[in-house]
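Order-wise, the sequence lines are chains A and B.
Each residue of the first sequence is one higher than the one before, counting from 1 in this note's numbering.
Each residue of the second sequence is one higher than the one before, counting from 490 in this note's numbering.
Keep in mind that a hint or two might mislead.
Claimed, not checked - If you want the footprint, here are the derived chain B segments under chain A, 3+ residues with CB under 8 Å: (1) 500-513; (2) 694-701; (3) 716-728; (4) 914-920.
Said to hold, decoys possible - Straight-line alpha carbon distances no greater than 30 Å define the calculated DSS-like cross-link-like pairs of lysine-lysine that follow: (5) Lys183(A) with Lys197(A); (6) Lys472(A) with Lys497(B); (7) Lys31(A) with Lys858(B); (8) Lys811(B) with Lys432(A); (9) Lys641(B) with Lys773(B); (10) Lys197(A) with Lys521(B); (11) Lys497(B) with Lys79(A); (12) Lys31(A) with Lys521(B); (13) Lys148(A) with Lys528(B); (14) Lys472(A) with Lys794(B); (15) Lys811(B) with Lys117(A); (16) Lys528(B) with Lys197(A); (17) Lys157(A) with Lys641(B).
Claimed, not checked - Here's a subset of chain B near chain A, in silico, CB distances under 10 Å, partners left out: (18) Val671; (19) Ile860; (20) Gly862; (21) Ser864; (22) Leu865.
Everything labelled a hint here was simulated from the structure, so no lab data went into it.
From the three backbone atoms N, C-alpha and C, an ideal C-beta is built for every residue, glycine too.
Spelled out from the first residue to the last, the chains are:
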Amino acid sequence: MPEPDLCELSVPNRIGFRFPEVDVPCAELPKGLVREHLPLPELYELDVIRRYTRLSQLNHAIDTGYYPLGSCTMKYNPKINEEMARLAGFAAVHPLQPVQSVQGCLALMYELQEWLKEIGGFAGVTLQPAAGAQGELTGILIIRAYHKDRGELQRTKILIPDSAHGTNPATSAMSGMTVVEIKSDERGNTDLDSLRKQCDETLAGIMITNPNTLGLFDENIEEVIRLVHEAGGLVYGDGANMNALLGIVRPGDLGIDVLHFNLHKTFSTPHGGGGPGSGPVGVCDKLVDYLPSPIVTITQEGDEETPPVYGFYTPPKSIGRVKSFHGHFGMMVRAYTYMLMHGKEGLRKVSEHAVLNANYLRARLRNVYHIPYDRICMHEFVAEGRWEDAPEVRALDISKRLMDFGFHPPTNYFPLIVHEALMIEPTETESKQTLDAFADALIRIAEEARTNPDLLKSAPHHTPVGRVDEVKAARDLILACGVSVEEDT
Amino acid sequence: MFLPHTDKERQQMLETIGVKTIEELFAAIPQKYRFPELKLPSALTEMEAQAVISDLASTNDNLQEMICFLGAGAYNHYIPAVVDAIIRRGEFLTAYTPYQAEVSQGTLQSIFDFQSLMTALTGMEVSNASHYDGATAVAEAVTMANAHFRGKRNRVILSPALHPHYRQTVRTYHANTGIEFVGDEPSADLRASPESLAELLNENTALVIVQYPDFFGRIYDYTQLAAKAHQAGALFAVSVNPIALGLLKPPSEFGADIVTGEGQPLGIPLSFGGPYLGIFTTRKEYVRRMAGRLVGETVDNRGQKAYVLTLTAREQHIRREKATSNICTNQGLMALAATVYLSLVGKHGLRQVAELCYHKAHYAADQIKAIEGFSLWSDEPFFNEFVVKSPTPPQELNQKLLEYGIIGGYDLEQDYPSLKGYVMFAVTEMNTKEEIDYLVSTLAEVSHA
């Protein structure tokens, strides 16, 4: 049974929480500005606990089951991370406290900057961006500022491969750039002929995801970077897929000029049902002066007896702030804890096992599902969810049927260049037993597609709700408790 | 630990793949860059890492040990135990974005609750599922207004009393979109009535943005300014502190078209600046121009009520370069914290906490202005923050307060050169009368030293 609406639970004059009585003389309330009607619910504590506990139980989550969601890196989120972020010395610290009272926060941020620089092969890192998409925005604004600074105002063209995440073109457009799509070749690499045609004096740069969203390491990467640099452009790396590269290759070494990391993917901070993320950005030497402010730096070197003194620093040509305060510090604590517990060898093992798991699943499924670019993949791969002898069945049906086996579906219908795409990213934290159970489920579903397609078309059967009516949701637009938004059209 | 495979299993998996070693899986990577030696330390155990991180935390002055009178956009409020008990549940914490509605009803209905609570609080008709913070919510308001006028109106008026970080963020976002920002020049008269911003309105104005309470804590009725903005054909946006709306008229009553805000005060820890919560609400007619995720109520194929992400054609994963924004990951878990906080404190609790902030701040202001050498900058009504002229330079004053266990106020000179020597104090329900009296006696003592 679905849970009732929040407003239905409310009982007039029920009290949920008491604050202490006022212990100072009361001031006169501001005339004409006092609110008369505050339509918030009236619940008590157990109402709230039960409601949200019950709601939580309707979710699939990493802690309850497998999540092979392509390009999302749904790895295990260690519990120690949560404890560390909740230490009073971090959680109960105001962002604007005097710097000498927050040296521990600044030291952690400085160390995290250093780790990310080393892992990515970059000269500078900002921790400010709130999420991957904001990291992209930061990176593209830096590229734009770099060209402007050199008097090259005409460089507004950003090239984006057809396999890219939707945030790439959206970011470019939002930054006032023009987007030109670049095709993939038959091996899933960037098509060099399409690229060459766009390498002119209006080129600002390229946004490249490597490994790309097919899970393939671009075999043309060195040539792509060379061509773009030769034409005066810069190379943006979408770090969504960094989980394949830790200790394997450093994007900066390849010549990538700017890249965002996703702490909530690669470095195990929880996704939280959609956020918060954290999207630090690394840049090469020539772009460090453009990083958003503030950056954490050492303002006074330490020695054997005294630790260094940390402070904030604004780069001379900074694009400015991209949000308030210093970024998602709580996420930085979690990511740094994770990094310390892996060290250099452990980080490489993470990527090695992410790639091992992906190739293992690919090998187990390749005779049952068509894999359009079937070669050794990195941390993920894309299969097609369709068969000629099961014409009614679509990737969506396979995804929904997987739920009946207790699995979250893979990313589907992305990347756009594969028909009926099922994009599978196993992550390194899943055991062989889990991978086998998942592969077995997919193999059984492939049989069902032929023998009992209706079972797939009507799936899922064992979830709290069945397939939902998306058209009705968009038509009725009930977006708040008891309120239907009637649009003026 | 976090990696499960035994050597035997690894071997079986490599055989299934048809390679001999893990290294062979990385042949596509240019050899000269493959397997770099990272100059990083080796792994720590959980026990060791816990000790290192705890050491770092212990070097900070934290607000469980210190008395805090610092605000300026982030506030020290009490967080009921219920909030963390819910948001640390693995079913919420480790879930992904609820694209697959059948296995995400918990997240979806919680977002629906969040949307309901935000519209109730601001008085607006629709709310999205969150932005990153108060600053980026304002930046997205500008993007929305720009899209609404199809780029034909390129002036945006910013109140100089809008948070400095928000004004900086808005400019970063719109460095290349042809928007001209006016109203917050360093020469702006900070004591002028907000209606004076109306002088900047012209036929090119897309949006007027004010803050409520403003950055200096002052509260104004913006009805006249909103009306003038509308007369000029512009939209009117208000950035709010949601706790203040427990006591104060919602901006919808002023005629606001967009109400944004920083949701941190609603049960979210200060955490040295984030993650926080961007609130974004607007009128129904702008819903298709709004950025970010949106949950709608519908039914499933079994006839049950159900929730689903809706109007996704606005978003980047569908519309790519034509999307209303590039936002993807938002502040889901922080929105849940605010939802649980507001569900628990409810109608009565929010009013109570807002009144506590108001009365305690007024008591503190009255006491501080009576100290020799101190005076209030403004006599306008204020909520829980106020600006004081200090006889001692604020930075020096704050250093001394630290020695007495007090996190002092915000030194305004760093953002407003004309406010040299002015400091802004914030007071919340966390400050007892004894603490306020202690601040007052300490100020009297150290400012004469």
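A quick look at each hint next to the structure:
1. 500-513: holds (count 9)
2. 694-701: violated (count 0)
3. 716-728: violated (count 0)
4. 914-920: violated (count 1)
5. Lys183(A) with Lys197(A): Holds: Lys183(A) and Lys197(A) sit about 12 Å apart, inside 30 Å.
6. Lys472(A) with Lys497(B): violated (52 Å)
7. Lys31(A) with Lys858(B): holds (22 Å)
8. Lys811(B) with Lys432(A): Violated. Lys811(B) to Lys432(A) sits at ~42 Å, over the 30 Å cutoff.
9. Lys641(B) with Lys773(B): Cα-Cα ~22 Å, so holds.
10. Lys197(A) with Lys521(B): The hint holds at about 29 Å.
11. Lys497(B) with Lys79(A): holds (28 Å)
12. Lys31(A) with Lys521(B): violated (73 Å)
13. Lys148(A) with Lys528(B): Given pair Lys148(A), Lys528(B) is violated - Cα atoms ~35 Å apart, limit 30 Å.
14. Lys472(A) with Lys794(B): Holds, at about 12 Å.
15. Lys811(B) with Lys117(A): violated (33 Å)
16. Lys528(B) with Lys197(A): At roughly 40 Å apart (the allowed maximum being 30 Å), Lys197(A) and Lys528(B) break the hint.
17. Lys157(A) with Lys641(B): holds (23 Å)
18. Val671: violated (17 Å)
19. Ile860: violated (17 Å)
20. Gly862: Interface hint status for Gly862(B): violated (22 Å vs cutoff 10 Å).
21. Ser864: Constraint on Ser864(B) not satisfied, violated at 18 Å.
22. Leu865: Because about 13 Å separates Leu865(B) from the closest Cβ in chain A, which is outside the 10 Å limit, the hint is violated.
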